[in-house]
Amino acid sequence: MKYFREISVALALLALLIALAIVAPAFYQPQPLLSLATREAPTLIVACGMALVIICRQIDISVASQFAICSVCAGLLASMKLPLVIVLPASICIGAILGSINGVLIAGLGLPSIVVTLATMVTWREALRWQRQGEFVNLPDNVQWFGLSQSAGQWTVIAIAITLLLVLAVCMNRMAAGRFVYAVGSDAEAARLAGIPPQRVTFLTFAFMGALVGLAAMMNVVQSPQVDPKSGTGIELKTIAAVVVGGVAISGGRGNLWGAFAGILLLACISPALTHLHIESYWEKAIQGMIILLAVVADGIRTKRGSA
Amino acid sequence: MSAPLLQLNSITKSFDAVRALKGVSFSLNAGEVHALLGENGAGKSTLIKVITGAHQSNTGTIEINGKTVEKLTPASAHKLGVAAIYQQPALFPDLSAAENIALGLEPPSALRGIDWSQRRAQARELLKRVGADIDPGTEVRELSMPQQQLVEIARSLGKGARILIMDEPTASLTQKEVELLFGVIRQLRKDGVGIIYISHRLEEIFAVADRVTVLRDGESVGTHPVSEIDKAKLIRLMVGREVAAIYPPSQSVPGAVVLALSKIGCAQSQVHDVSFEVRAGEVFGLAGLVGAGRTELARILFGITPADSGTIQLNGKTITIQSPQSAIDDGIGYVPEDRRRHGVILEMSVAANTTMSIHRRIFPGTWLRSGAERELAQKYIRDLAIKTFSDESHVNTLSGGNQQKVALARWLASGPKVLILDEPTQGVDVGAKSEIHKLIRNLAAQGLAVIMISSDLPEILGMSDRIGIMRAGTITSILDGKTADAGTVMAAALGQTRPATAL
Amino acid sequence: MKNFLRSNIAKHETVLLAVVITEWFYFNSVGAHFGSLDNTFDIVRHSVEIGLLALVMTPIILTGGIDLSVGSLLGLCAILFGKLWRDAHFSPMAAGICTLGIGAVAGGLNATLITWLRLPPLIVTLGTYSLFRGLAEAITHGVDTFTKFPDSFLFLGQERFLGMPAQAPIFILVAIFVWLLVHRTTFGRSFRVIGFSPEGARYAGIPVERRIAMVYVLAGIISALAAIIYTARLGQAKADAGTGYELYAITAVVLGGTSIFGGIGTVHGTLLGVAAIAILSNGLVHARQPREVAGMLTGLLLILALCSSVVPKLFARLRARRQTAAPIQAVKTS
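Chains as they are written, first to last, in my numbering: chain A, 1 to 308; chain B, 309 to 811; chain C, 812 to 1145.
Note that these hints are calculated values from the structure, not bench results. Since this is a predicted model, take the numbers as computed values, not measurements. Glycine residues also receive a C-beta, built at the ideal position from the N, C-alpha and C atoms. Please note that the accuracy of each hint is not assured.
Only part of the chain C face toward chain A is listed, based on derived beta-carbon distances under 7 Å [unchecked claim]:
no. : residue
1   : Val826
2   : Ser941
3   : Leu946
4   : Glu948
5   : Leu984
6   : Val985
7   : Ala986
8   : Gly1106
9   : Leu1111
10  : Leu1115
Covered by chain B, according to a simulated footprint, are these stretches of chain C (three or more residues, beta-carbon under 8 Å) [what the hints assert, rightly or not]:
no. : segment
11  : 998 to 1004
12  : 1009 to 1017
Over 10 Å on every C-beta distance to chain A, these chain B residues come out as not near it, computed from the model [said to hold, decoys possible]:
no. : residue
13  : Pro416
14  : Arg420
15  : Ser560
16  : Gly573
17  : Ser577
18  : Arg648
19  : His745
Can you build the whole structure from these sequences, using the hints too?
Written as structure tokens, this is what we have:
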């Protein structure tokens, strides 16, 4: 079945939501749900980029460090009293530059993306710590919630993330560039024969991933009066888990953003669900790991049965 | 009559000192199916590569649509409407049929919208032209091999291909699928497409082709309308040369039966009901067309794809071969066809390659003993006259023939009772070739049972004591190596019941 | 080609040795106490755990694989060791042996998923990376730490034995073991064959699955050993023990000249890589540079080492293309 994975993730999510409705109806209060959605909006944006990268048969584990750098830089620019119309594009540009560095090393030199992004992850992270020594950036008043009221700001963040998801999902399906990513991830050699340059597509995917991280970082910065230099920690695992669970094959060329969206929703609900179901939240990471393993094992068994 | 679609005039093509094409002329008319026939290595693939622009001919001219083409490159050939379809389609397995077709046809610009309904309509129309009943939305990985070929043909048509080259398109198809493909070919012919059809299956050529050209040793030995020729004559044209008497004569007297197979089959590799015996001191040749199941049979005997039916007896004892390790323990060695990928490890030394399959024996207690290893390697470098700088040299510094000798040395070192050689002289120069032949003879004289797979007909005839013919996954007949000739072997491999020599 | 490759590898390790020596003399001239025996022992103490992980990462990368889970496994084993000792009242010795067994089981989980389902090591160990760390956090509720180990146990991490840090003899033993395994046994030979060509290894009758399983199980056991030494050195076990160590281990291995594509590499190269990183991070502290600079330079070093590893490959590919293109066609059509 073509949408087997997307549907099964959606069903799992539905089951979780129903269980919560019965056991812990307190989960369904508008205010906490709104702040949950706002909190997870940046993750969704990064997950969209991660889906593209994995569809292109690559991986990027440096996103957390990119996220932190973009956040701090955006915070510093904002604290220099620059208006948001400048800070936002600047943050996106910084992300795109960081992503391009990955892209050059991976597409240009043909190095494995896992090790390259591992290296850039630690380089950026340590460089940031060195420069900032873990210092928070205080933001001027007009930055939080874009200078709007809290609920208006929350809705803006959610709207931006959802709009991005919609636009990207449509582009991946209905724009040639999106199909090129699928083609390269499915078979780079066949893509070359069809006149699609695999290296350029790979490079641009990483650069775009960086730009999305810059946007996501900005969506995170506006949520609090300060910028935490550690913000974004663990986002790489969460987004990889969401994307893989949502049916994007780690072998490239398969899957879509709707699956990644379902995956993010599922993972986002786990943490509050644990609280409401009176399970300690320390289990979250272990459950995430289990979900990744379950997803790849399911894929492995399916391909094994398919080939035998 | 208008000018032919494609006209080749005395094309020659040399690689270093080897002349692969020696003045071949060939023509293809619109609405014609022109079959190209010849043994492996007769020059068919080189000719195809000249037509698709992958190789530039040394001399001779190429005319397409009546106009002389100066320098044919893959891009310009493509523009002039030349398209080739190979056995393994170059498609995107994860994408739909419609998209696979569209990606080859749409402009390369990235910033444009995709009109899926137009893509689907286009795919539906093209697939209809090739008579394929495929939903354009199906992912290609879900399609069978023949359906994938049809998708590729559809894509070529969409590109406006006027000259379509089909290289063994039926190699992996069932009879029914072949019929469907022929329907498509006839339809294309009606539409004025010229088709160059390459196949080893004579009945197909008679079923579908208008004319046939036979290539032999890089030369065209004649073009005939299919209606004016019969199978026996074609076979004679293909093999029509004396088997050179350069093969060392058989000296050994076959001894006891070493390996006996009875009704061996493996569903996964489509081999079934194979029964034969090989005696000590005997060279058992395995002949057959590409795809007849010879390599698959060897892989069963070596435990890579274990048999799921039948019995194997070694020296009278029934054995089960579950893995390469167990095959080696039982005394079976296999020199695989793809030397560079399977036969040797290119990045490792001659010595390491020599001992690779006998780690347990030569390195007791798992400790490497470089002295013993080098001594063994040097013995084989001497015995097989391997030309190498030293036993420490990496195998990728050696020539093809010497690499093959290293692959052989590995299995000789294992002291096998049965040695399977898969295309042992493919890609090997003439000198090394006859050395390898002498070596095979010596091994047999020492009492080894040798199974030799070869597509080189003279080699099969010159080397084998007996010849097993494989066709469609099983051994159809076993001939005596002394009395068999090229015609009988070729006829049996092609599935002709009446021996061609009778005609 | 052989001479080219060999001299290249030899060059790699000599260059690295020169780098290590230069580092040593530079920091000795900058920091007052850098060259003292105490500080040398300090460097050794601090690099033993990462060194152990790098040692077992070497055969894994030689087979063309990778293990991202070793750092997390170190954390999990550390708190399980503490749990066994404090809550189950095991003696440190018994707890240690059990921990090694747990490490073997965890490595076995990686090995099973990689060989049985033929899943890419990268994604499997990324999953277990999250799983092991998550289990450690869940078991300790994120806050529980294990302290007050007996002195007899802390001796292992903090005292001297035979005139050197007590953990050094263990490290030396493991280093000798891994060196012999990789360079002097048929196992090491098999790892390289698998790294160069898994298919070719199968055709040579090498039990590919069992060899691959072996390196991941070994990594599990040695990660557990590193966890015990880590606990003894710090005198406490916490869920975040060993965070990021997998990166240092991979960096040391790649820096030491092992190709990330498998097949090529040496254990002594890895040891030099560990030394280069350890001296750098300790020396920078003595040179009054913040600790983060060392981390940043480690990442940069890894990128540089990767780039340098790919350059000969690019050349080889170019050369191979030029050499094979013509002859292969010739033989097919001859």
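Each hint tested on the structure:
1. Val826: Violated, about 19 Å.
2. Ser941: holds, 3 Å
3. Leu946: Holds. Min distance 5 Å.
4. Glu948: holds, 5 Å
5. Leu984: Violated. Min distance 29 Å.
6. Val985: Constraint on Val985/C not satisfied, violated at 24 Å.
7. Ala986: violated, 24 Å
8. Gly1106: holds, 3 Å
9. Leu1111: holds, 6 Å
10. Leu1115: violated, 9 Å
11. 998 to 1004: holds (count 6)
12. 1009 to 1017: This one holds; 8 residues, not fewer than the three required, reach chain B with a Cβ under 8 Å.
13. Pro416: violated, 5 Å
14. Arg420: violated, 5 Å
15. Ser560: holds, 42 Å
16. Gly573: Fine: 17 Å to the nearest Cβ keeps Gly573/B off the interface.
17. Ser577: holds, 13 Å
18. Arg648: Per Cβ check, Arg648/B is outside 10 Å of chain A; nearest 18 Å; holds.
19. His745: Holds, because the least Cβ-Cβ distance between His745/B and chain A comes to about 37 Å, which exceeds 10 Å.
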